[in-house]
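J.: So you can see what is in the structure, the chains are spelled out below.
Protein chains: 2
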Amino acid sequence: MQNFEFYNRTRIVFGRETQNNVGALTKKHAKKVLLHYGGGHIKKSGLYQQVTDSLEKENVAFIELPGVMPNPRLSLVREGIALCRENGVDFILAVGGGSVIDSAKAIAAGVPYDGDIWDMYVSGVPPTEALGVGVVLTIPAAGSEASVGSVISDDSDNNNKRAFNHEMLQPQFAILNPELTFSLPPYQTACGASDIIAHIAERYFTRVKNVELTDRLCEAALKTVIRNTQKVLQDPNDYDARAEIMWAGTVAHNNLLNTGRIGDWASHMIEHELSSINDVAHGAGLAILMPAWMHYVCKQDPALFAQYAVRVWNVEADFGDLELTALEGIRRQKDFFRSIGLPVTLGEIGITPAHYERIAQNTRRSDKDTVGNFVRLRSEDIMQILKLAE
Amino acid sequence: MQNFEFYNRTRIVFGRETQNNVGALTKKHAKKVLLHYGGGHIKKSGLYQQVTDSLEKENVAFIELPGVMPNPRLSLVREGIALCRENGVDFILAVGGGSVIDSAKAIAAGVPYDGDIWDMYVSGVPPTEALGVGVVLTIPAAGSEASVGSVISDDSDNNNKRAFNHEMLQPQFAILNPELTFSLPPYQTACGASDIIAHIAERYFTRVKNVELTDRLCEAALKTVIRNTQKVLQDPNDYDARAEIMWAGTVAHNNLLNTGRIGDWASHMIEHELSSINDVAHGAGLAILMPAWMHYVCKQDPALFAQYAVRVWNVEADFGDLELTALEGIRRQKDFFRSIGLPVTLGEIGITPAHYERIAQNTRRSDKDTVGNFVRLRSEDIMQILKLAE
Numbered sequence: 339m340q341n342f343e344f345y346n347r348t349r350i351v352f353g354r355e356t357q358n359n360v361g362a363l364t365k366k367h368a369k370k371v372l373l374h375y376g377g378g379h380i381k382k383s384g385l386y387q388q389v390t391d392s393l394e395k396e397n398v399a400f401i402e403l404p405g406v407m408p409n410p411r412l413s414l415v416r417e418g419i420a421l422c423r424e425n426g427v428d429f430i431l432a433v434g435g436g437s438v439i440d441s442a443k444a445i446a447a448g449v450p451y452d453g454d455i456w457d458m459y460v461s462g463v464p465p466t467e468a469l470g471v472g473v474v475l476t477i478p479a480a481g482s483e484a485s486v487g488s489v490i491s492d493d494s495d496n497n498n499k500r501a502f503n504h505e506m507l508q509p510q511f512a513i514l515n516p517e518l519t520f521s522l523p524p525y526q527t528a529c530g531a532s533d534i535i536a537h538i539a540e541r542y543f544t545r546v547k548n549v550e551l552t553d554r555l556c557e558a559a560l561k562t563v564i565r566n567t568q569k570v571l572q573d574p575n576d577y578d579a580r581a582e583i584m585w586a587g588t589v590a591h592n593n594l595l596n597t598g599r600i601g602d603w604a605s606h607m608i609e610h611e612l613s614s615i616n617d618v619a620h621g622a623g624l625a626i627l628m629p630a631w632m633h634y635v636c637k638q639d640p641a642l643f644a645q646y647a648v649r650v651w652n653v654e655a656d657f658g659d660l661e662l663t664a665l666e667g668i669r670r671q672k673d674f675f676r677s678i679g680l681p682v683t684l685g686e687i688g689i690t691p692a693h694y695e696r697i698a699q700n701t702r703r704s705d706k707d708t709v710g711n712f713v714r715l716r717s718e719d720i721m722q723i724l725k726l727a728e
Numbered sequence: 339m340q341n342f343e344f345y346n347r348t349r350i351v352f353g354r355e356t357q358n359n360v361g362a363l364t365k366k367h368a369k370k371v372l373l374h375y376g377g378g379h380i381k382k383s384g385l386y387q388q389v390t391d392s393l394e395k396e397n398v399a400f401i402e403l404p405g406v407m408p409n410p411r412l413s414l415v416r417e418g419i420a421l422c423r424e425n426g427v428d429f430i431l432a433v434g435g436g437s438v439i440d441s442a443k444a445i446a447a448g449v450p451y452d453g454d455i456w457d458m459y460v461s462g463v464p465p466t467e468a469l470g471v472g473v474v475l476t477i478p479a480a481g482s483e484a485s486v487g488s489v490i491s492d493d494s495d496n497n498n499k500r501a502f503n504h505e506m507l508q509p510q511f512a513i514l515n516p517e518l519t520f521s522l523p524p525y526q527t528a529c530g531a532s533d534i535i536a537h538i539a540e541r542y543f544t545r546v547k548n549v550e551l552t553d554r555l556c557e558a559a560l561k562t563v564i565r566n567t568q569k570v571l572q573d574p575n576d577y578d579a580r581a582e583i584m585w586a587g588t589v590a591h592n593n594l595l596n597t598g599r600i601g602d603w604a605s606h607m608i609e610h611e612l613s614s615i616n617d618v619a620h621g622a623g624l625a626i627l628m629p630a631w632m633h634y635v636c637k638q639d640p641a642l643f644a645q646y647a648v649r650v651w652n653v654e655a656d657f658g659d660l661e662l663t664a665l666e667g668i669r670r671q672k673d674f675f676r677s678i679g680l681p682v683t684l685g686e687i688g689i690t691p692a693h694y695e696r697i698a699q700n701t702r703r704s705d706k707d708t709v710g711n712f713v714r715l716r717s718e719d720i721m722q723i724l725k726l727a728e
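Here the protein sequences line up with chains A and B, keeping their order.
The opening residue of the first sequence carries number 339 in this note's numbering; numbering runs sequentially from there.
The opening residue of the second sequence carries number 339 in this note's numbering; numbering runs sequentially from there.
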């Protein structure tokens with residue numbers, strides 16, 4: 339186990355009707371709020387009304403900035419920063435999924451910063467302070483509701499996507515009501531599950547030895563997501579199954595599961611390039627790439643991949659051939675993704691061999707860089723992984 | 339799953355040599371510190387010197403209050419409160435195990451409180467503020483380093499033991515270096531493991547249905563503690579095994595594992611009475627009581643106890659007789675405790691049937707009270723459990 343620090347200040351308020359506490363929770367942190375959200379979905383569902391009623395009941399003043407899109411854009415972040423400064427806003431309330439939360443975090447860090455917020459994403463300039471952020475979560479997937487991270491795309495520069503991680507980006511609170519996820523369509527539910535599974539798997543596949551507790555915590559979260567995704571696709575209004583996925587989605591990404599270990603993250607980085615080509619949902623891209631990545635690298639540590647196959651996918655171990663055991667686990671994971679309606683090959687999302695070189699080049703960002711920690715992938719490795727994903 | 343709130347602000351700083359960061363960490367929170375500890379052990383080990391060197395290097399002023407005993411006493415807490423007020427102390431640094439930390443928390447809550455600190459423990463009066471607490475942990479067991487709880491005994495009243503839980507009691511930081519636990523003797527190591535196992539099991543056995551993620555997280559932590567306790571007893575200087583136990587001990591009690599569920603806690607409450615009779619170590623008392631409690635109540639939910647037996651103790655399920663499966667799990671748990679050198683019968687610690695009625699009466703505290711949540715135990719139930727522990 340490696341030395342580590344673990345800190346997570348986000349207060350989770352979980353359960354039925356908890357969105358009605360948003361006014362009281364916000365009041366503890368805010369004088370004036372920017373209510374940040376996407377489009378009309380929260381108005382149609384009634385959530386917008388519930389949130390604004392709760393803020394008004396507690397006399398919390400707010401202004402609004404809707405319009406967050408998937409792959410949240412730098413231009414809207416800048417607009418939000420200006421709006422907050424003009425109006426003396428001191429707290430951002432994000433109502434939505436990962437994109438809305440990531441956008442809210444960027445605004446929160448940008449308001450008190452003298453320079454341009456994009457500096458943080460490009461050069462890692464740390465914030466010295468940040469406004470507080472609160473969350474009412476509608477999509478369990480990204481885990482941004484209790485994470486240190488934010489991913490923003492520069493819409494003036496070919497949607498150049500950059501991630502920034504800092505403890506100050508952890509929200510003050512996150513309201514998680516599984517009922518709010520009943521209306522998620524099956525495909526979006528499946529994409530969310532795939533994203534959650536990937537967040538755990540990226541942490542699981544590590545070169546650090548002797549990390550038994552976190553191995554087992556990861557396996558616990560993975561099994562829960564796998565089983566309950568199947569339940570939710572059978573019955574979208576299964577509160578308990580929705581609750582398991584929602585809570586697992588937060589635990590998957592709040593950094594507990596990588597304490598003492600070093601995650602990989604190559605699949606996430608390659609997936610960002612897939613999304614930029616054809617706007618495939620992040621979870622769908624990951625469903626295609628993760629098994630291919632696993633297939634390509636598993637021979638580097640067959641014991642770890644066999645453990646994963648046995649403990650997560652209930653494969654019977656072949657102690658004489660751990661790689662075979664590992665491959666059977668990967669096959670079952672791919673079958674699972676297929677069974678929940680996700681694509682598992684690049685062809686299904688219109689990515690052809692003609693795209694591979696561009697994907698491989700862009701993923702590395704510079705000629706010297708490699709991608710990932712479990713195996714440091716070079717261009718030719720990425721090309722091989724893309725071939726395995728055909 | 340039940341609605342819940344989860345909040346834990348404690349910054350964990352984990353790994354080799356991390357005690358040398360204590361000065362820098364303390365400086366962020368403190369102007370003047372009360373250094374609180376037990377006896378000579380930390381002086382002999384060199385830890386006292388490392389901690390005071392680190393504080394001095396960062397120019398953190400401190401005064402000292404040693405003398406915390408197991409089952410920390412109210413009189414010392416009151417002495418600490420007076421000392422802090424006289425000297426303008428604004429932060430308590432606890433160097434030791436659960437007793438030292440619990441005592442530090444009581445002082446921290448007591449200093450800014452107008453009334454008597456014992457009010458909080460007896461009547462649950464919540465604090466409106468509390469000094470900050472930092473921890474350098476030397477014994478993985480109680481989990482107090484990141485918990486909301488503190489248990490204090492009134493040494494002027496027959497060591498009347500009371501627990502108080504409040505979010506404000508969560509330490510600001512906890513330094514966890516597994517190397518500091520190499521010198522723990524085997525018996526104390528085993529008692530710590532039993533305490534950790536009990537913290538998880540108390541949360542595991544619940545009437546709340548559909549709590550799959552937390553079931554599995556509990557099982558993950560239990561398996562880790564069981565396996566690594568055996569390793570550590572073989573080789574006390576096994577860093578990685580010590581690290582697994584230390585981190586599991588914190589996760590066991592930081593409230594993550596009971597999100598959405600209601601724990602039982604009867605075994606803990608009965609154990610407090612055992613300790614008051616013959617000063618048996620808490621973990622040893624729990625090793626005797628937990629299996630007896632499980633035996634007595636498992637017929638109320640054989641499926642849950644069978645799940646525990648199968649997933650934690652690797653029992654092969656007898657699907658035609660889940661209670662038999664459950665009992666085999668309990669037997670293995672008892673064998674495990676015996677194998678690590680703990681007592682598993684009341685006779686071994688000198689408790690005889692003559693004590694039972696007093697234990698049963700005192701555990702309930704008043705004629706109307708019952709004990710525990712999984713089954714609400716009355717006196718006659720406690721008597722039965724004690725008989726099963728003979």
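Keep in mind the hints are simulated off the structure, nothing from the lab.
Accuracy of the hints is not assured; some may be wrong.
No copy is singled out in the list; a pair is fine if it fits within one copy or between any two copies.
[Claimed, not checked] List time: in silico DSBU-like cross-link candidates among lysine-lysine, alpha-carbon distance up to 30 Å:
1. Lys370 - Lys725
2. Lys569 - Lys381
3. Lys637 - Lys395
4. Lys672 - Lys561
J.: Decide, hint by hint, whether the structure agrees.
T.: Hint check results:
| no. | hint | verdict |
| --- | --- | --- |
| 1 | Lys370 - Lys725 | neither (52 Å within a copy, 62 Å between copies) |
| 2 | Lys569 - Lys381 | within (28 Å within a copy, 57 Å between copies) |
| 3 | Lys637 - Lys395 | neither (59 Å within a copy, 49 Å between copies) |
| 4 | Lys672 - Lys561 | both (15 Å within a copy, 28 Å between copies) |
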